[in-house]
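Going line by line, the protein sequences match chains A and B.
For this note's numbering, count along the first sequence from 1 and bump the result up by 2.
For this note's numbering, count along the second sequence from 1 and bump the result up by 232.
Everything labelled a hint here was simulated from the structure, so no lab data went into it.
Don't take each hint at face value.
As the list claims (entries may be wrong) - Restricting the straight-line Cα-Cα distance to at most 25 Å, the calculated cross-link-like pairs of lysine to any residue (SDA-like) are: (1) Lys755(B) - Ala165(A); (2) Lys755(B) - Pro782(B); (3) Lys57(A) - Gln897(B); (4) Lys57(A) - Leu607(B); (5) Lys57(A) - Ala900(B); (6) Lys62(A) - Ala903(B); (7) Lys62(A) - Pro782(B); (8) Lys432(B) - Thr538(B); (9) Lys432(B) - Leu135(A); (10) Lys67(A) - Gln897(B); (11) Lys559(B) - Val137(A); (12) Lys432(B) - Arg139(A); (13) Lys559(B) - Leu135(A); (14) Lys57(A) - Pro895(B); (15) Lys755(B) - Asp133(A); (16) Lys559(B) - Asp133(A); (17) Lys62(A) - Thr899(B); (18) Lys57(A) - Ala903(B); (19) Lys62(A) - Gln897(B); (20) Lys62(A) - Leu901(B); (21) Lys559(B) - Leu155(A); (22) Lys559(B) - Arg128(A); (23) Lys57(A) - Ser512(B); (24) Lys4(A) - Ala25(A); (25) Lys67(A) - Glu14(A); (26) Lys559(B) - Arg139(A); (27) Lys559(B) - Tyr136(A); (28) Lys62(A) - Pro895(B); (29) Lys755(B) - Gly164(A); (30) Lys755(B) - Val137(A); (31) Lys432(B) - Pro100(A); (32) Lys62(A) - Ala900(B); (33) Lys755(B) - His168(A); (34) Lys559(B) - Tyr520(B); (35) Lys755(B) - Val693(B); (36) Lys432(B) - Tyr136(A); (37) Lys410(B) - Thr538(B).
Unchecked claim - Chain B residues, not near chain A, derived (Cβ > 12 Å throughout): (38) Asp752; (39) Glu797; (40) Glu1014.
A virtual CB, placed ideally from N, CA and C, is assigned to each residue, including glycine.
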Amino acid sequence: MKVAVFLTTDREAADQLLARVRADWPDAAIVGFANDEDREWLAARHAAIELRRDKPPGGKPAFVKSLRREAFDRVVVAWHGGERFQPLRLVALALGRPALAIDDRGRERRVIWWQPWTWAPHLLRRGLRADPLYVARLAASCYRASIGLLLALVWLPLRLLGARAHRRRPGPAA
Amino acid sequence: MRAVLHALLLPVVALLVLPLASLAGVLVLLVLTVVDLVWWPVVVLRRRPWQPRPRDVSAASIVTVTWNGKHHLEGLLPSLRREVEAHGGDHQVIVVDNGSTDGTVAWLRREHPWVEIVALPENRYFVRGNRAGVERASRDVLIFLNNDMVVRPGFLAPLLDGLRDPRVFAVAAEVFFKDPAKRREETGRTRGELRHGWLKLAHVLPSRDERELDYVPVLWAGGGSAAFDRAMYDAIGGFDTLYDPFYMEDMGLSYEAWKRGFRVLFTARSSVLHEHRGTSRKAFGDDYVDAMIRRNQHLFLWRNLTADAAIAWVLLSTPWSMLLRGKRPGRSRAYGLWFEFRALLRALPRLPEAALGRCRSRLHHVRTDGQVFPLANSIAAHRRAEHTVLGRLATPDPLRGRRILVLSARLPRLGYDGSWTVFRRLVLQAKTHRMTLFGFVEPGDDGAAAAALRAHGIEVVTAVRVRNAMPGNLHHSVPARLWRDYSAPAMRAAVVRALESVDHDLVQIEYPEMLHLLRDVPKYTPWLYTCHESLGFAATRQVALARGLPRLAARFRALQATAHELVLLQRVDHVIALSDADTAFLRPRARGLAFSVVPCGGEVDTVPTEVRVPEAPATVLFVGYFRHGPNVDAALWLCNEILPHLHRAMPTARVRLVGRDAPPQITALAARPGVEVAGYVPDLAAEMAAATAIVLPLRQGSGLRGKLLEAWTAGKAVVGTRVACEGTAARDGEHCLVADAPAEFAQAIVRLLGDAPLRARLGAAGRELALSKHGTAGIVAEYETVYDALAGGAR
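Let the hints inform the model, and build the full structure from the sequences given.
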């Protein structure tokens, strides 16, 4: 069994998460993905776990592709309470494997709950906590890339013609 | 679970509140429309503009309201007494006691028998307390002072002098806080505008001009530190009880005076120290005070906004503006929305009173709402419309000097990017004119650029550039880069403030990004635009460089940029383009707009021509600021397309790339054989001297390239594209070598590297051209001609 763990949390919580994963799957080959600052510290405490850099060269699509090739049986992603956008959460979902989430929001820095993590709870959770401005920006981007773009193809030539036809009159300031 | 419930609260509150708020807005609009229609014949038949009357400004009645504020009066009254005695007028000081229980009245009688006391049996708060004081007042001028103020020496004279003009209704003093470390939320210099369906009011820090002028217009005179004409005060009806108990009553009074044709002024020559909100917030709490402010803002709009479109817009966008405003510090957005809704509900019972006041006032209005805001916010607009003298600002040259406001997308600086040419020009212009430069800086800016400009007598105002987080640009009207980097509301507000607070005869706009920011900003004076690069021309040029699908995208961007640029140019009075190519592109498209072609340049002699650095063999140098897209393209084209040809002919040739902020694709070029990426170098002159030749493989952008002038000035031979040589009188083979295809370009470099006499001849001819055609004095003279045409002869 192969388990990937995205350590998108602080090092203490990551430490506990790795211990918990090891306890739950004692025979699994576990691969942890951590940032540069924490990787060495975690490696010293979890010698049997392979720890990799969470920002591999080659871009995100190549990263996801390589993970897909490794065919992990479980993907665990830490959701440590912050609502900041964390692309690795999406990577966990994109791998298409049953993903589990850990929420270590409590002050005790311990695992609070686990659950299968799929697109629906992810979107629900993010959607409910989303900043209205963020939602508005997202909606505007979707509109701009679809209907807005089509309308712009008509509107911009008209705007150009209108601007060219505009005959200037001396204003009050001139 | 709790988190989910918490998150659900906002949609639930919004669903409950927003429809009701919409309904309330429509209802109020209906009521006001019916009232306006019924009252309209009366307004037409019985319109009575108020005529100014002479007034005695030698003395004032000074009114202070207090409630359990003995400790505040202990600071105010001694300072006031000193000031009254120093001024020498027959002033009357009235303290209105709002039923204090701290022994204020007895203390006043004992310690300050010179003060007249109006002892009220109960707390009538600010509005009705002041009204009680005014009933006792007997002078032609009323001065209202908060009890937690301390007046500074010289407080009275400027306030009273300002009222000598019979068309001035009120004069406000500058407010400082007793605690100098406190953020100055209240200054006395007030402004406002209707934006996003709501009234935005603010106290702003007075600018240099606002401090140096005797008087400047303000939207309202604060009811706690200003002087008012008594007759007009009575005619308007005084502080309106509509706003009882407090806040917005002074705004209502001043706004009404503006609409009746009077003026409200501010003077920095008179000042007070304030223990900000010393009584109200402590006694009533922040929530209650803020709720009163919000309620009274609704009432103010209902009562005073008489422009049909404006009031309709405000009321119909009630839910939207509530959503935008609905934030309370430390509370959830759901609570903020609820708070706003409660304020609206609190205002509704007073709608009949607001409508009645509206009817009464309309009989005397001579100005519209649209006229009031520019007049009250902007010095330049006020000076032009009112033909009034607010004071004189000195210019370096008393005969030819003008007041020029320069709005620049970035601060020009030496040795950083191409903006050094603007720096040189402004420095020379500042010897004649009073120059105020407003420019954006990056976050974390060290202030060195501003300091360098100030050293030459240029007043510099900066604001930090921020990314635009607002959704919008739904139909691609604005090029994406401009929308992202130059459309943030905070940046617009900073530009608006600069336009309002600087007394100027004309506005000089530098860079297209700044012109974009000004697209919906009120215009008061002539606008001169220096077109460093035509957006449309630069975007159109990119079409030819693209192939396949990217070419379609490039066409779309060219269309977008050209349309946007032409719309922007409609607001400009004169364009100074740097090159004939830009003018040839813009002139036929922007019909009727005046164009001049003035090349950029600089004090070329300041760059050393002989630097004792040994010339490196077979090294060509490209210098560019790499945040500028055309420079990145040029470096990539040089290394990807030209360099292979060059190495085939001359394997030892080296390319050196110099410039700030190189992106990864440029730094990655260092891995190529024969390429060095040096990044920023502190001594560019030495760098140029060390190079065998300078290359300018530019294919994109437009305008005139400062880097070409720098190379010529250093006496170096140049190989460039036709694009790079635009705006100069450069001739191929005489001043530089010109090539547009990679093989030709490489061939030209090989020719130059192998021919030292040719390099020397081209370098000398280029330097001669730079000296004769691109000196700052000549450029400034051309600007002077345009100034004369736009702003008339010398002041």
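How the hints compare with the structure:
For the hint pairing Lys755(B) with Ala165(A), the CA-to-CA distance comes to about 19 Å; that is within 25 Å, so the pair holds. A hinted pair counts as satisfied when its Cα atoms are at most 25 Å apart, and Lys755(B) with Pro782(B) does not qualify at roughly 38 Å. A distance of roughly 19 Å separates the Cα atoms of Lys57(A) and Gln897(B); the hinted pair therefore holds under the 25 Å criterion. A distance of roughly 57 Å separates the Cα atoms of Lys57(A) and Leu607(B); the hinted pair therefore is violated under the 25 Å criterion.
For the suggested pair Lys57(A) and Ala900(B), the alpha carbons sit about 19 Å apart, so the restraint of at most 25 Å is met. Only pairs whose Cα atoms come within 25 Å are accepted, and Lys62(A) paired with Ala903(B) is accepted, the gap being roughly 24 Å. Annotation: proposed proximity of Lys62(A) to Pro782(B) holds, straight-line Cα distance about 23 Å (limit 25 Å). Proposed proximity of Lys432(B) and Thr538(B) is supported: the alpha carbons are some 17 Å apart, at most 25 Å.
Taking the CA atoms of Lys432(B) and Leu135(A), the gap is near 20 Å; set against the 25 Å cutoff, the hint holds. For the given pair, Lys67(A) sits about 24 Å from Gln897(B) by alpha-carbon distance, which is consistent with the 25 Å threshold. For the given pair, Lys559(B) sits about 17 Å from Val137(A) by alpha-carbon distance, which is consistent with the 25 Å threshold. As the CA atoms of Lys432(B) and Arg139(A) are separated by approximately 24 Å, the hinted pair is consistent with the 25 Å bound.
Simply put, Lys559(B) and Leu135(A) have alpha-carbon atoms about 13 Å apart, close enough for the 25 Å limit, and the pair holds. Using a Cα cut-off of 25 Å, the hinted pair Lys57(A) and Pro895(B) holds, with the two alpha carbons roughly 19 Å apart. Restraint check for Lys755(B) and Asp133(A): the C-alpha separation of about 35 Å exceeds 25 Å, so the hint is violated. About 13 Å separates the Cα atoms of Lys559(B) and Asp133(A), which keeps this hinted pair within 25 Å; it holds.
Proposed proximity of Lys62(A) and Thr899(B) is supported: the alpha carbons are some 21 Å apart, at most 25 Å. A C-alpha spacing of about 22 Å is found between Lys57(A) and Ala903(B), which places the hinted pair at or below 25 Å, so the restraint holds. As the CA atoms of Lys62(A) and Gln897(B) are separated by approximately 18 Å, the hinted pair is consistent with the 25 Å bound. Distance hint between Lys62(A) and Leu901(B) is fulfilled; the C-alpha atoms sit about 23 Å from each other, no more than 25 Å.
About 38 Å separates the Cα atoms of Lys559(B) and Leu155(A), which puts this hinted pair outside 25 Å; it is violated. Between Lys559(B) and Arg128(A), the direct Cα distance comes to roughly 21 Å. Compliance with the 25 Å bound is thereby established for this hinted pair. Restraint check for Lys57(A) and Ser512(B): not satisfied, since their Cα atoms lie roughly 55 Å apart, outside the 25 Å limit. Of the supplied pair hints, the one linking Lys4(A) and Ala25(A) holds, its CA atoms being roughly 14 Å apart against a limit of 25 Å.
Of the supplied pair hints, the one linking Lys67(A) and Glu14(A) is violated, its CA atoms being roughly 29 Å apart against a limit of 25 Å. Of the supplied pair hints, the one linking Lys559(B) and Arg139(A) holds, its CA atoms being roughly 19 Å apart against a limit of 25 Å. Our distance criterion of 25 Å between C-alpha atoms is met by Lys559(B) and Tyr136(A), whose separation comes to about 16 Å. The straight-line distance between the Cα atoms of Lys62(A) and Pro895(B) is roughly 19 Å, inside the 25 Å bound, and the hint therefore holds.
Restraint check for Lys755(B) and Gly164(A): the C-alpha separation of about 21 Å stays at or below 25 Å, so the hint holds. This hinted pair does not check out: Lys755(B) and Val137(A) have alpha carbons roughly 34 Å apart, beyond 25 Å. The suggested pairing of Lys432(B) with Pro100(A) is violated, with an alpha-carbon distance near 52 Å, which exceeds 25 Å. The suggested pairing of Lys62(A) with Ala900(B) holds, with an alpha-carbon distance near 19 Å, which does not exceed 25 Å.
Between Lys755(B) and His168(A) the alpha-carbon distance is near 18 Å, which keeps this suggested pair within the 25 Å criterion. Distance check on the hinted pair: Lys559(B) and Tyr520(B) sit about 15 Å apart at the alpha-carbon level, within 25 Å; holds. Between Lys755(B) and Val693(B) the CA atoms are separated by roughly 19 Å; this keeps the pair inside 25 Å, and the hint holds. Taken as a hint, the Lys432(B) and Tyr136(A) pair is honoured in the structure, with Cα atoms around 24 Å apart against an allowance of 25 Å.
Simply put, Lys410(B) and Thr538(B) have alpha-carbon atoms about 39 Å apart, too far for the 25 Å limit, and the pair is violated. Under the 12 Å C-beta cut-off, the non-interface status given to Asp752(B) relative to chain A holds; the minimum distance is some 15 Å. Residue-level check failed: Glu797(B) sits 8 Å from the nearest beta carbon of chain A, not beyond 12 Å. Every Cβ of chain A is farther than 12 Å from the Cβ of Glu1014(B); the closest lies at roughly 19 Å, confirming the non-interface assignment.
This entry does not satisfy hints 2, 4, 15, 21, 23, 25, 30, 31, 37 and 39, going by the numbered hints stated previously.
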